[in-house]
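Asks: Chain residues, written in single-letter form:
Protein chains: 2
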Amino acid sequence: MFDTNVCMDNGAAVNVKERLVLIAEKLFAEKGFNSVSVREITSKAGVNLGAINYHFGSKKGLYLEVFRARFLDRARRLRGAFEKNLKKEKDSLEGVIRSLARAILCGPLTDEERTIHFKLLVREMAHPTEAFDLITEEALKPLLSSFEKALKEYLPALSEEKMRLVMLSVLAQILYFNFARPKIQAATGKTFDEEFKKALVEHIVAFSLKGIEGLS
Amino acid sequence: MFDTNVCMDNGAAVNVKERLVLIAEKLFAEKGFNSVSVREITSKAGVNLGAINYHFGSKKGLYLEVFRARFLDRARRLRGAFEKNLKKEKDSLEGVIRSLARAILCGPLTDEERTIHFKLLVREMAHPTEAFDLITEEALKPLLSSFEKALKEYLPALSEEKMRLVMLSVLAQILYFNFARPKIQAATGKTFDEEFKKALVEHIVAFSLKGIEGLS
DNA sequence: GTCTATAGCAGGATAGAC
DNA sequence: GTCTATCCTGCTATAGAC
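Taken in sequence, the protein lines are chains A and B. 1 is the number of the first residue of the first sequence in the working numbering; add one for each residue after it. 1001 is the number of the first residue of the second sequence in the working numbering; add one for each residue after it.
By construction, these hints were calculated from the structure, which means they are not laboratory data. Glycine included, C-beta positions come from ideal geometry on N, C-alpha and C. Be aware that a few hints might be false.
Heads up, simulated DSBU-like pairs for lysine-lysine below, C-alpha to C-alpha not over 35 Å straight-line [what the hints assert, rightly or not]: (1) 26/A with 88/A; (2) 1044/B with 190/A; (3) 31/A with 1044/B.
Label-pair restraints from in silico Cβ distances [as the list claims (entries may be wrong)]: (4) 1199/B with 213/A: 44 to 54 Å; (5) 44/A with 1156/B: 50 to 60 Å; (6) 1053/B with 145/A: 50 to 60 Å; (7) 34/A with 1092/B: 44 to 54 Å.
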């Protein structure tokens, strides 16, 4: 009669498995793997305590599923947006930087998705688990090699080593502005609204563009 | 006869309380508060399980003591080094940036101290606890206002808002290069030795200097 | 001050009814 | 597939011997 896996939650129909992944990634991003309990996940998802072990085998299995099912999808959308931006932007170094910054900060991700995405990423970078290789191979390498290839067109003389450092400096700012919101708010006195985010994008583009040009 | 609080550990004489703080800050930095147990701390410190509650009241008390006794001391040394560098450096914007970058990355802290310091800082920025206010008021604000004051001399036209963003961009890179070592190593193929660290300093100085100049 | 023992609780995982 | 009840482990914190 009814598909008992499906229910209405905030207007979005999702089954139990999906709901667990959705709630879990929020909590894992916010507090880290060890600071989240299966009891918290299941109660917030409104499902049974045993559901995680039934569907994913273990808490760790759910954590990995978050990356397989959600993180990688977002990473692909980010990379797609970057490459689409590249074609639209004017043919310049600034165009390349702007394409990346816009893809990540104004791109296909909602504000909440972006927060989750980069908090998960930073956590894995600081304290790698089994998900680290997956992220590196399937998400970071493809995006960074696209970026590197685009940069090389305008900076043919820049050594590969400097190129890597440049990409890390840009990444550092993007990750930091997403990760350290409490500090950013304390330092600037601003709330993280759309206007402020746009100012951040402009800042990162301007700062990084000159920084990169200065190295060549 | 003997002071039973004192023992030799790797050549350094420290009492039980100090040993606990020393070991605890390493573990808290590496894994985060919730992922470290008092059993792990006491056993690695070679002291009794009850010692933490006896000396600090609770695990949280020990965590706060890490910041009061160790973090703030390092922060003061960092700020002192920055201001000392400022006097020695040539009178220029580059001198200001270099003073900060050198203070933090080649300054009074050992490599291990720097790793611990900035991992603790990033954790508090991402997920503030009671220690956050302490850090902000006693460590970050003093250093950043020194930096801001020095910058203003060479960039009188730069708005306060842009100044704040600049400082955050510089901080972002420093934090990231200290926090995301696994990723940095994966991306560059380098080990984190002295030579590589020097290259990182040079990179951050060069990248940020041009980035800042471009904004004025 | 330092130790052992243990209280008291929360964690992940599982078994078995429905 | 879902639920409840429960096992067992590990946690923080404390009490009390020495």
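Asks: Now, for every hint given, state plainly whether the structure supports it.
Replies: Verification of the supplied hints:
no.: 1; hint: 26/A with 88/A; in the structure: holds (33 Å)
no.: 2; hint: 1044/B with 190/A; in the structure: violated (43 Å)
no.: 3; hint: 31/A with 1044/B; in the structure: holds (25 Å)
no.: 4; hint: 1199/B with 213/A: 44 to 54 Å; in the structure: violated (19 Å)
no.: 5; hint: 44/A with 1156/B: 50 to 60 Å; in the structure: holds (51 Å)
no.: 6; hint: 1053/B with 145/A: 50 to 60 Å; in the structure: holds (52 Å)
no.: 7; hint: 34/A with 1092/B: 44 to 54 Å; in the structure: holds (47 Å)
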